[in-house]
Amino acid sequence: MYTKKIYFSGGNVRELQEIFADVPGVVKVLVGTLNARNVHSYVNHEPQSLENVAAVEIEFNPKKMDLSMLMDVLFNVLNPYADKTLGVYYTSGEDEPQVELHLNFIANRGKEPVVSKACLTINDPNSNPKFARKCFAKVGRLSSFTAAPDDEQHFLRKHPEIHTDIDLTKFKTSLRF
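Position in the sequence shown (first residue = 1) + 793 = my numbering.
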């Protein structure tokens with residue numbers, strides 16, 4: 794079976810692991826740390842470096858689950874306009890355009906497009922920086938991922954008494970594809 798991997802950071806990675814573990818088409822989810830290079834910030838549009846960030850590795854079947862749908866789940870759980878540790882990291886160059894396009898959409902969601910006097914829609918998402926939303930989500934190519942030890946994997950399943958910010962049971966029952 795052909796699978797792909799994507800890496801998400803932000804929020805509580807233990808909660809992210811449990812959320813994505815039950816998404817259809819997801820084969821495996823691991824908690825660990827990542828070290829990314831050439832990270833692009835949607836706040837200041839300058840490359841940044843990132844070291845030892847907690848993240849989840851999601852292995853999925855692209856015939857059953859689309860990368861953009863996984864990002865939709867992520868951005869429904871975590872607010873890209875508030876969480877400064879939120880990030881999407883890829884290893885395959887073929888994922889870069891899709892991830893960049895999705896993050897550009899998130900950064901410009903809710904803004905009306907600029908229209909010229911000739912009634913042409915101008916595809917310039919930053920036509921007026923005054924109205925630009927601050928999307929803190931980062932995107933970049935992953936340089937390394939180190940999985941956490943086995944006792945840290947699926948920690949919330951092993952310890953259901955731990956309080957979570959997300960009602961995982963309610964979230965899983967409302968998840969529809």
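What the hints contain is simulated information worked out from the structure, not anything from laboratory work. Do not rely on the hints blindly, as some may be mistaken.
[To be verified] Straight-line distance between alpha carbons at most 30 Å, and here's what the computed DSS-like set of lysine-lysine pairs gives:
1. Lys-877 / Lys-965
2. Lys-963 / Lys-797
3. Lys-821 / Lys-963
4. Lys-856 / Lys-963
5. Lys-965 / Lys-821
6. Lys-798 / Lys-963
7. Lys-797 / Lys-951
8. Lys-856 / Lys-927
9. Lys-927 / Lys-951
10. Lys-965 / Lys-798
11. Lys-877 / Lys-963
Check: So which of those numbered hints doesn't the model satisfy?
Finding: The structure breaks hints 8 and 9; every other hint is satisfied.
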